[in-house]
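K.L.:
Letter by letter, the chains look like this.
Number of protein chains: 2
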Amino acid sequence: MQTARSITVTAAASLTAVLGLGVLTSCGTAAGQGDDDYTGPPVNGGTLRVAFDADITCADGRQAGNNTALNVSRQITDSLTDQDPETGEIVPWLAESWDVSDDSTTFTFHLRDGVTFTDGTPFTAQPVKDNFEGIVDLGAKSSLGSTYLAAHFPGVNNTTVWADPDSGSHIEFAGFEHFARTAERGLFDFLFLAEGLRLREHKGQVFDQDVVGRPETATVLSALAAVTTHIGLTGTFNSTFNEPYDLARTLATLDRVSGGRAAWNVVTSHNAFTGANFRRGGYLDGADRYRRAADFVSLARTLWESHRGSDGSFDWHSDFFDVHGTFPVPETPQISPVIFQAGDSDEGRDFAARHAEVIFSAHTEAEDRKAFRTDIDQRLAAVGRRPDSLKIYPGISVILGDTEAEAQERYREVRRAQVHGPGAIAFLEQVWGRDLSGYDPDGPLPDVGPDLDNADITRGRVRHEKDYGAVARRWRALAEEKNLSIRELVTEVSGRGGTLIGTPAQVVAKFDDLTQQRDVDGFIVVPHITPGGLDEIVDRVVPELQDRGVYRTSYAGSTTLRDNLDLPAYNHSTSQEVSA
Amino acid sequence: MQTARSITVTAAASLTAVLGLGVLTSCGTAAGQGDDDYTGPPVNGGTLRVAFDADITCADGRQAGNNTALNVSRQITDSLTDQDPETGEIVPWLAESWDVSDDSTTFTFHLRDGVTFTDGTPFTAQPVKDNFEGIVDLGAKSSLGSTYLAAHFPGVNNTTVWADPDSGSHIEFAGFEHFARTAERGLFDFLFLAEGLRLREHKGQVFDQDVVGRPETATVLSALAAVTTHIGLTGTFNSTFNEPYDLARTLATLDRVSGGRAAWNVVTSHNAFTGANFRRGGYLDGADRYRRAADFVSLARTLWESHRGSDGSFDWHSDFFDVHGTFPVPETPQISPVIFQAGDSDEGRDFAARHAEVIFSAHTEAEDRKAFRTDIDQRLAAVGRRPDSLKIYPGISVILGDTEAEAQERYREVRRAQVHGPGAIAFLEQVWGRDLSGYDPDGPLPDVGPDLDNADITRGRVRHEKDYGAVARRWRALAEEKNLSIRELVTEVSGRGGTLIGTPAQVVAKFDDLTQQRDVDGFIVVPHITPGGLDEIVDRVVPELQDRGVYRTSYAGSTTLRDNLDLPAYNHSTSQEVSA
Chain A
1 MQTARSITVT AAASLTAVLG LGVLTSCGTA AGQGDDDYTG PPVNGGTLRV
51 AFDADITCAD GRQAGNNTAL NVSRQITDSL TDQDPETGEI VPWLAESWDV
101 SDDSTTFTFH LRDGVTFTDG TPFTAQPVKD NFEGIVDLGA KSSLGSTYLA
151 AHFPGVNNTT VWADPDSGSH IEFAGFEHFA RTAERGLFDF LFLAEGLRLR
201 EHKGQVFDQD VVGRPETATV LSALAAVTTH IGLTGTFNST FNEPYDLART
251 LATLDRVSGG RAAWNVVTSH NAFTGANFRR GGYLDGADRY RRAADFVSLA
301 RTLWESHRGS DGSFDWHSDF FDVHGTFPVP ETPQISPVIF QAGDSDEGRD
351 FAARHAEVIF SAHTEAEDRK AFRTDIDQRL AAVGRRPDSL KIYPGISVIL
401 GDTEAEAQER YREVRRAQVH GPGAIAFLEQ VWGRDLSGYD PDGPLPDVGP
451 DLDNADITRG RVRHEKDYGA VARRWRALAE EKNLSIRELV TEVSGRGGTL
501 IGTPAQVVAK FDDLTQQRDV DGFIVVPHIT PGGLDEIVDR VVPELQDRGV
551 YRTSYAGSTT LRDNLDLPAY NHSTSQEVSA
Chain B
1 MQTARSITVT AAASLTAVLG LGVLTSCGTA AGQGDDDYTG PPVNGGTLRV
51 AFDADITCAD GRQAGNNTAL NVSRQITDSL TDQDPETGEI VPWLAESWDV
101 SDDSTTFTFH LRDGVTFTDG TPFTAQPVKD NFEGIVDLGA KSSLGSTYLA
151 AHFPGVNNTT VWADPDSGSH IEFAGFEHFA RTAERGLFDF LFLAEGLRLR
201 EHKGQVFDQD VVGRPETATV LSALAAVTTH IGLTGTFNST FNEPYDLART
251 LATLDRVSGG RAAWNVVTSH NAFTGANFRR GGYLDGADRY RRAADFVSLA
301 RTLWESHRGS DGSFDWHSDF FDVHGTFPVP ETPQISPVIF QAGDSDEGRD
351 FAARHAEVIF SAHTEAEDRK AFRTDIDQRL AAVGRRPDSL KIYPGISVIL
401 GDTEAEAQER YREVRRAQVH GPGAIAFLEQ VWGRDLSGYD PDGPLPDVGP
451 DLDNADITRG RVRHEKDYGA VARRWRALAE EKNLSIRELV TEVSGRGGTL
501 IGTPAQVVAK FDDLTQQRDV DGFIVVPHIT PGGLDEIVDR VVPELQDRGV
551 YRTSYAGSTT LRDNLDLPAY NHSTSQEVSA
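These protein sequences, in sequence, are chains A and B. Taking UniProt numbering, the leading residue of the first sequence gets 1, the next gets one more, and so forth. Taking UniProt numbering, the leading residue of the second sequence gets 1, the next gets one more, and so forth.
There could be a bad hint or two in this list.
[Stated by the list, open to error] Incomplete in silico selection of chain B near chain A, CB under 7 Å:
#1 G196
#2 T219
#3 S222
#4 A223
#5 A225
#6 A226
#7 V227
#8 T228
#9 Y245
#10 R249
#11 V257
#12 V329
To be clear, the hints were calculated from the coordinates, so they are not data collected in a lab. Cβ atoms here follow ideal geometry from the backbone N, Cα and C, with glycine treated the same way.
The whole structure should be built from the sequences, with the hints applied where relevant.
P.N.:
As structure tokens, this is what we get:
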């Protein structure tokens, strides 16, 4: 009848629901706590008030999958099967019996006769079929409410706190290994490595306020492949400075060495500062960078698939590449590594809609997340792709405490450490285009305005803002309005959005809530300590997510990153079609 | 007085040598076995005949280090210390006492008074000093007679027997891991991976008689770094199709991930067939390939050392590269990976003398080995390098049996499997430039001559011979002289030289003998089975080498590949000087 991964169905029939809720203890801070305080013997009738510790976002059983939502929706719907509260055994309910195919992918349910919906309509196979198809039609929104986590290895950025005594090396392999093993212990989908193609410079000097240097990404990921078994290995590789044949060989080998866990975060660049490292003519006109990236990915996929043809041969002639030959790495478990995209420009979003399978999103606030999902869904529809073929993972930081107050105090400490005095001055200098080392970071903003002709004072860092004059005016207004020092201003404007702050239980409730809203498919956790910053999250948050029933308890049948991410199998013809 | 790794010294003094040889049992097949067969009680006087199972190549104690040579040279020389035969304790001999510095690098010996040489000259510190300095002056020849082994991962070549039921995948990582762990269990210096840049083609088709395809070398080595601790990781990387900044980042990261075990076998190419895979203009004029390789290595070393300057910056403008910037990978344990060279042309040898630290030599026969060492020594001297700064490791195959006859029979089986019928025809077609599929491999050579205009019938394979017409004439003469079939001819002309065939004891004696001749510094074992072909050698040959006292019993203090190879520490100024 249907190939299904879940056998729950929302056909509301006339059978009375007997759900065996057991005893619910109400949570002290939850909304809806009653003022009745009855302690006598059990009575029939009356009102049973149940407290939930998370918002019941959606009563549609096709969408809601966490226990809170199910506790509500099960009052008004029935299911094909039930579970014996004593033995845990799955027992007949709307279905009298069922058959499972040998390969466990087809479930045939034989429905009970004489059942009617509340309006008297007879219960048939059609509404069951409609409900299952409705799940598929919902696309990305239909996944049954699980929280998915991934991990960003903290690197060269202004959120990592290098001054913390717990911070270690971000260069030694032991640190990467610890991080990867921790993320895998936490059953994360993947870990994510950035790349550092050139040391950042500030005022003509290598910028050394935090740390300097970074090992090559593919080499580190391959070593991590040998000491892990399930976690996905996502590396950032530039499509401007690499060449398709080289990178395709490396990524195919990584996919093979890891048994199908490779992913490529495609980034573009056109800056000559970085390009000077590479080779004559190694950088591009800005207008061409996404055109080259698209051509690069399409060619790489052609190489990865070349053994599907007769002899591994390929032939590619375009504005950017003029190559033909044979590809020496045999087909790999995923065929193509999972393609990630991270830039937020209009061209970046279009590129993602055409080529990517995961977006590392910068949209951390609720409204932004919703608008971003809508925008991406529209772009996907425009190129004929299903919504569930592109996952959205925003970055997120987590600050835990034993109490909410302790967590808030830790957050303030972390922000103070993230924005130290010299760092605040350097941050301001990036926008001002001037040497501001004579100013007190704890004093007011500089009396001079920005030197807009000197916008290259910092090189090798992503520039998110185009108009530094406007940024300077906005910051000055904010500082005057709130009476902020330089350091306080930088603390206010440089923070990473969407940090979850609280006790493990509070953070877990927020994760679950965010997941229920369906604007994201998972989160990339960005710790502020290297390499141990993930341990606390894996030790304290993951078990609570599991207790709540919204997080995997093993990798189970997942063997590839595509499995971890619940992505459709790689399909050449689709990818080619949309990239045309 | 001297910093020394050995305290043995060849000062022959007037003390009578009492060496406590113990009872020597003579080996049944050894030369020099006497015809006296005395079985009565011990007597004074007479002749003691001692049988050794290896040639006593050199009685110079500064050179000879194995037990056989020492057993002879100790009859005519004395040493600073002796060893108590009962307790094994090191006791005074020519030195009455000695002091060892706190860091165990300086040993000061206080010499006994009243000792004279056999000619009456008084024994003083001077001859001891001269002997120690003589060891240093001998360069590569002075190492004290240890056997060094390395391992070549069997790949796409005509010595691997893919038809053997024990042959596994040469693509799956598990095979590489097994091989690396076995080599490390055998305390090998390094393992060696080739590279496959394009699938070989024969008669216009991908050549698939054995296996097809190969994973990318650096990616595999990095994964191996994570599952091994001491073995060197040598990868072959082409200097024509790679770019210095890219490859330097990858190799520096491999050196870091492995804790200082990376090596780069520099190969060159100028064939357009391979180049077509890569990028526009990705191949070179043949005359420029070693010029580019030299420039590439010098630039890569400049990148690896760039942090020795103030800020990691570099600036390089040459015929081949025009780059400047900063290098993002911090300095690594070895600073530069160990540089290997493998080509045998005149330019290749010059390149090795100027830039390399290890040669993977093709010279396996005794005379060739000696001539090659002499040639390399001369080239080293011409550029002012010490002989011990460049190690020579020829490839070697080993065939073991419980008896010599069994080993010889196994060798014949292996050769039959290596040269199967279709393979023999394809081998002949490479030289003949013609389709010979109509000929019987077990019949005589083709009646037609070679088509010399069609020498490109095979592409993607190294061509060792320049004049195929001459080769064909030579082979035809050989076949007529010995009445050989096609297959017998190919078996005769395609074999790998220098295969050691015998019982483990016989093979060990040959290894030791070869090492004593000083024409090579070690051997790269090339098994014919993937990936398990090394196990037998590690299980049966290595323990016998250890028993003989000519093979390491642990990696001891070795932490880098340079340590394994006993190479001098990397020195920028030397390498720059000789590459000028």
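K.L.:
Are the hints correct? Go through all of them and say.
P.N.:
Results for each hint:
1. For G196(B), the interface hint holds, the least distance from its beta-carbon to any beta-carbon of chain A being 5 Å, beneath 7 Å.
2. Checking T219(B) against chain A: minimum C-beta separation of about 4 Å stays under 7 Å; hint holds.
3. Given hint, S222(B) at the interface with chain A, holds; its Cβ is 4 Å from that chain's nearest Cβ, closer than 7 Å.
4. The interface hint given for A223(B) holds, since its Cβ lies 4 Å from the closest Cβ of chain A, which is under the 7 Å cut-off.
5. Hint status for A225(B) relative to chain A: holds, with the closest Cβ pair at about 5 Å, below 7 Å.
6. Hint status for A226(B) relative to chain A: holds, with the closest Cβ pair at about 4 Å, below 7 Å.
7. Proximity of V227(B) to chain A holds as hinted, the smallest CB-CB distance being about 5 Å (cut-off 7 Å).
8. Nearest Cβ of chain A to the Cβ of T228(B): about 9 Å, over the 7 Å cut. The hint is violated.
9. The restraint placing Y245(B) at the interface with chain A holds, with a minimum CB-CB distance near 5 Å, inside the 7 Å limit.
10. Given the 7 Å rule on beta carbons, the hint for R249(B) holds: about 4 Å separates it from the nearest Cβ of chain A.
11. Because the beta carbon of V257(B) sits about 4 Å from the nearest beta carbon in chain A, less than 7 Å, this interface hint is met.
12. Interface restraint check for V329(B): the shortest CB-CB distance to chain A comes to about 6 Å, inside 7 Å, so the restraint holds.
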